[in-house]
Amino acid sequence: MKKSTFLSGVVLLAGMATAMAQTPAERQEIAAKYNQTALTQLEAELANDFEERQQKAMVAAAANGWDIEISLPDGGNALLVGLYPDGSPMYYSTDNREGGITTRTDRVHTGGAAGLDLNGENMLGGIWDGGRVRSTHNILNDRVTQMDNPASLSNHSTHVSGTMIGNGDLFAGQVKGMAHVASLIAYDFNSDEPEMTAEAGNGLLVSNHSYGIRADNGPLWYIGYYDNNARNIDRIIYNAPYYLPICSAGNDRQSGGNNGDGGYDYLTDKSLAKNNIVVAAVNEVLNYTGPNSVVMSSFSSWGPPDDGRIKPDISAKGVNMTSSGSGSNSAFSTLNGTSMATPNVSGSAMLLQQHYNDINGEFMKASTLRALILSTADEAGTAPGPDYRFGWGLMNTERAANVITNNGNTSMIAEASMQSNRAYTVSFTADGSNDVFVAVAWTDPEGNLLPSGNNDVNTPSLINDLDAVISQDGTSNTFSPWILDGSNFQSSATTGVNNVDNIEIIQFTPPAAGVYTLTVNHKGDFLVGENQDFAVVIDGISNQDFSVSTEDANIVKCAAEMTVDFNIDVEFDAGVTETVNFTVNGVPAGVTGTLTPSSLSSSGTVVLNLDDITGLAVGDYTMEIVGTGTSQTTSTFVTLEITDMSFITVVELDFPPNNAGNRPVDITLEWDAAAGDVDEYFYEVAKDEVFTDIVESASTPDLFVEITGLEFETEYFWRVRGANICGEGEFSDVRKFTTMIELGLGDNNIDGLQLYPNPTSNLLTISAAVQINTVEIYSVLGEQIKVVTLDGNSTTFDISSLASGTYFVKITSQNTSAVKQIIKK
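Just so you know, the sequence shown maps onto residues -21 to -1, 1 to 804 in mature numbering (1 follows the signal peptide of the UniProt record, and there is no 0).
Take the hints with a grain of salt, since some may be wrong.
[Claimed, not checked] Listed next, with one range per pair, are the computed distances between beta-carbon atoms:
1) S277 <-> G731: 52 to 62 Å
2) S678 <-> T791: 40 to 50 Å
3) K715 <-> A130: 49 to 59 Å
[To be verified] Restricting the straight-line Cα-Cα distance to at most 25 Å, the calculated cross-link-like pairs of lysine to aspartate or glutamate (DMTMM-like) are:
4) K765 <-> E721
5) K715 <-> E755
6) K502 <-> D681
7) K715 <-> D667
8) K799 <-> E31
9) K804 <-> D195
10) K715 <-> E762
The hints are simulated quantities; they were obtained by calculation from the structure and are not laboratory data.
Think of the CB as a built atom: it goes at the ideal place given N, C-alpha and C, for glycine as much as any other residue.
Sequences and hints are given; from them, build the entire structure.
Written out as structure tokens, the structure reads:
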């Protein structure tokens, strides 16, 4: 079901409907659209995960003398939240370092140049930060509700809150926040993910997260790695698709954490999620005249993620930001950091949601808001298009608000949904002189976790890969989205097929006035989740009497099926009174094509029915539906794809090799692609070779699957076969693997066993009163690192090459074994 807001003649409501913003009833309306059972389960899962990580971290802190919380010199704080896979400590840190004009948000306030009245009336935002907000501050006026009970006031949290919602009553409005009459709910960042899930389920639209994990405090491979924290953010947004967390990029570019990449590749944690917005910090811009007006800060972390996605997403002022302080109700402080840039974007995003709701009576999905903000950014950097420093450019709230205001005239905003094996098209007119900006964005399912410990693995985190392209009707001209080269960080953006991002932006100058068509399809034949919602934002188009779009631009049918329907959506501009007649070209020979109705004089749906398609051979059949009005002719194309399952070959299994031993109980199985028209792969894992005792059976569009929770020291058998909508191929040959022994700290049942020194930096000596047969060293993930066979009762290992952290050592003597823990400093 497509929701397209193609409206004009209603923009006068913008100035008179400011009381319509997000009321409690509207939050309930958003919440009612979600699967609350799934959100409750996700909240419980994330809460349990947090408790387990925290418990392990507290035990390790006690054993190693680590600080639980650290007060930072810049007034922020750091909190121990978990362990890296090597056992070293992981801290959340606020993103300090040491407004409104830069982002043009002041122009949409009451009395601003945009002629709007957007101040955040009745809007509610969220903030997760380093401690308690001083809600009684003179510019906050008790509009911040602290939802938990942090031990102390936080200058950082109070400063961020002021940037988001501080009133303009003092200093001639110079410390006025972005949404300066809105309200906030506040939490500290301890246990943030389950809390975010709960508030998203309650209808929260926007939240601010000015903290993260420092790039110089963890292993090098962790920088750019799509970790479980990033993945959880994507899970939350996917399950609550109106909710948009806005996160800081970090301030680590001069930290020395990754010296080899010229200042690039410094993102960690939530800044590597796909579905959020990540903010870079720039200097103040009082008068934007071009890219040279935007000067990068000295500290803001640059991308890319390991898979080459465009991150950070957007830039805002983060240098010399003055806002409320926590010292007293009249205290102010001036801070630097992406922490300060992020609330500029968060507060401005609240205003855009307010404006959209004022006009349309409903709020945007997060993907729509993300497409709107990124596609209307002002150019920054040394070359056109995005880069890994500024993202898509400097946020321009005024321009984004104007796209909402002009929706149906010179812009278009649509929310659509794509099914597997389908495509979407929409036509629009351009005048041949003004640049056109087209954004397609979607909330992607959470990505797959790659094995840890490997540096810069570029496997995409993208799951549902949509592709956008613009074609000029009647010509062979096409226009593709901006792309960046993840292997050449400093190279300028080019255009082409984007394989990694869940937003695609096309910017082009139309070579001539006329009709242009946006086509959105997807790679492969199968979408995870069976369908994918997405947003379309178009700016710079000409006024048109009617638009024609379809979510059925590509339909796949099996050979020998009888009939198929294509639904064509037609929307008239407000005030247009004319009749549009529809015809179809290119119907395959021997097939009957019928349009019902064949004409429309108001918005509606035309159905193209193709009857008797049983005789069509395997292949693609493209048809053109033409709508002819009084002064406008618009067409859209649909394709019928005929397939069957006879071409699917047998899958070849790849990893692990057959009869592999000592495999972890959480294992990734991999296979090669089958030839033919494959939509997905069915896999089975069992404890017996004839697959009567199956432990897991499911399907995936990928060439791998992660199996978790297997039993230790157990034989498993697995097989895979390809499938499509018409049937399944044959199963692959069966492979077997055996899981590893269970590691646990048991009693010392080997006489005289000693391991010393522990902790150690270089050498580890193991001795016993009896003969030692084998010594095995394992990581905390159960991966075997070293095994040595002995013929004596003592040995010394050089472990200086191991990363710092916790390891397990298994010592075997005759029929007896013991497992001991060591700390590598």
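Straight-line alpha-carbon gap K715 to E755, limit 25 Å = holds (24 Å)
Indicate whether the distance between the beta carbons of K715 and A130 respects the range 49 to 59 Å.
-> holds (54 Å)
Taking 25 Å as the top limit, are the C-alpha atoms of K799 and E31 close enough?
-> With a Cα-Cα distance of about 21 Å, the restraint between K799 and E31 holds, given a limit of 25 Å.
Distance restraint between K804 and D195, which requires alpha-carbon spacing of 25 Å or less = holds (17 Å)
Could you grab the alpha-carbon distance between K715 and E762 and see if it respects the 25 Å cut-off?
-> holds (19 Å)
Given the hinted pair K715 and D667, is their alpha-carbon gap at most 25 Å?
-> It holds: about 9 Å lies between the C-alpha atoms, which stays within 25 Å.
Could you grab the alpha-carbon distance between K765 and E721 and see if it respects the 25 Å cut-off?
-> holds (16 Å)
Given the hinted pair K502 and D681, is their alpha-carbon gap at most 25 Å?
-> holds (12 Å)
S277 versus G731 beta-carbon gap, inside 52 to 62 Å or not | With a Cβ separation near 58 Å, S277 and G731 satisfy 52 to 62 Å, so the hint holds.
T791 and S678 - C-beta distance against the hinted 40 to 50 Å | holds (41 Å)
No hint from the list above goes unmet by this structure.
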